[in-house]
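Peer 1: Please take these sequences and the hints and turn them into a complete structure.
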Amino acid sequence: MSHDEAGELLGAYALDAVDGEELTEVEAHLATCPRCRAELDTLREVAAAMGNSVEPLPEGLWSSIASRLPERDDDAEAPPMPRLASERRSPFRPPAGRTRRRRNVVAVLGAAAVAAAAVAVVLGIGLVRADDKVSGLQAAAGQTSAVHAALGAPGHTLVDLDTPSHVQLARFVVLPDGRGYLVSSSAPTLSADQTYQLWGIVGKEPISLGLLGDSPRQAAFTMAGATRPSQLSITAEPSGGSVSPTGPILATGTV
Amino acid sequence: MSHLDEVSDAQLVTSVARYSEVALAELYRRHGGAVYGLAKRVLQNAAEAEDVTQEVFLRLWNQPDRFDPDRGSLRSFLLAQAHGRAVDAVRSSSSRRARESRDAMRTAEAPYDMQHEVWDLAVADQVAHAMGELPDEERRAIELAYFDGRTYREVARLLDQPEGTVKSRIRNGMRRMRAVLADAGIRGVDA
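Just so you know, the sequences run in chain order C and D.
The numbering used here puts the first residue of the first sequence at 1, with every later residue one more than the last.
The numbering used here puts the first residue of the second sequence at 1, with every later residue one more than the last.
Be a bit skeptical, because a hint or two may be false.
Covered, in the sense of this in silico footprint (three residues per stretch, anywhere, with C-beta under 8 angstroms from a C-beta of chain D), are these stretches of chain C [said to hold, decoys possible]: (1) 42-49; (2) 175-181.
Subject to a maximum C-alpha distance of 25 angstroms in a straight line, what follows is the list of computed SDA-like cross-link-like pairs (lysine to any residue) [stated by the list, open to error]: (3) C:K204 / D:N62; (4) C:K204 / D:Q11; (5) C:K204 / D:R71; (6) C:K204 / C:G178; (7) C:K204 / C:A146; (8) C:K204 / C:L151; (9) C:K204 / D:L58; (10) C:K204 / C:P154; (11) C:K204 / D:P69; (12) C:K204 / C:D177; (13) C:K204 / C:L69; (14) C:K204 / D:R18; (15) C:K204 / D:S168.
Calculated directly from the structure, the hints in this document are not laboratory data.
All residues carry an ideal CB built from backbone N, CA and C; glycine is no exception.
Peer 2: Here you go:
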C-alpha cells in the first residue's frame, strides 16, 4: 500500500472502520511511516474528543476489575512511588502480557542483569526464505515436512503473533528443544528495501531471531541456552535487518 | 497517597507498571466513566459496556507499556482501546442483530446532545460545534462509522455512496474537526 493510499484510509482507520486485508496493509504501512503515525495520533485525539462522554460508573464494576487482578505475592509493601514518564525504559516496549512477579525478584533483576542474561542466550539461526530461489526450493520440501513433524511432536507450542487489532499475522510452532518453524503467515509483502524481522523477547530485551524476508512464507530458527524468550514479535526493518528493533511491533505472541 | 489528585496520568501508569493497585484505581476514577460511556454508546448495552470497561482496565494493568505518553493523552488511548473492543463486539453477527433490534425500538434519531453526559462542558461545546460545522454527508459518515461501529465499506452501502467517496468524506471530516478543535486549543489535536 502506497503512502497516499494509506493516508486516504487514516481517517477511517482512526475510527476502527477499516477491516480485512486493507487493515493489515495500512498497519504495515503505519509501522514504517512516522508521518502517518503522527497524523494517526492526532486523528485519534479527534475521535477521542467525539467519544468523550462520561456515564456514571455502574456500582460494583471496580470491585469486579480488582478481583480479577492476579494475587499479590507480597502484600506488606506500600505501592511504589510514581516515577516520571521521562524515566521510561528503552523505546522498544514489548506488549507483554504479565502476571504479578515478586517485587524482590524484580529488584534483584535490574535492567542491567536482565540485559546480561539476554546476552548469555546463544542463538543459532537458520532461515529459509521463500525468495532464496534455488536453495529455497530445495529446502522447502524438507522444511514443509519439518513443520508437519513439529506440529505432531509431543510438547510443541503454537505461538500466534497478532497485530494490536487482533489480526493474526503469523503462527509459529516451537519445540521443547528450542527449534521453531513458521507455520503460516498473512503478512503483506513489504517494499523491496524492507524485511520482516523476528524477535524473541527475553526479560524486556528483544533478541533477533532472524530475518523473515519481505514476504515470509517459510522460516526456521533455533533458540539455544537456558533462557527462553517469553514472547515472539515481528517488526519491519530495512533490508539487511537491525541489531535492535527500529520499527514498532507489528505483531506479537506469547510463547 | 493524599496527593493522588496531583499525580499525572503518565506517572500513574508508571506506578501501574510496578503493580500499584491504588494507581489503577485512580486511573479508573479519572477515566472509567468515559471508557464506559463510549462503550455503552457504541454497544447500546450496559452489560456489554461493563465487560469492555473491565477488559480495557485489565489490559492497562497487564500491558501498561502499550501506552506511550509521547503519542497522545491516556484518555484518548483508553478510548481508542474501548472503541476497538466495542466495535469488535458489535461486529460479531449476534451482537449486530441484537443491536439492530434495539435500534428499531428507538423512535427517532437522537439529536447530537452531549450536554447531559460530558465531563468537560467547554470541550463538549467545542466538539459539538465542530461536528455541527461539518457538511452533513461528512458528519453522517463519521457518526455511522464511529458510533455505530460500521466499517467505511458498510457506511458506503448504507448511504448508497461509492466507497472511495465515503473514505474521503471521513478523512476530510476528521481533518476539518481537527482544525476546528486545534483552533479552540483542544489538547492533543494541534500537531
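Peer 1: Hint by hint, which ones does the structure fall short of?
Peer 2: 2, 7, 8, 10, 15
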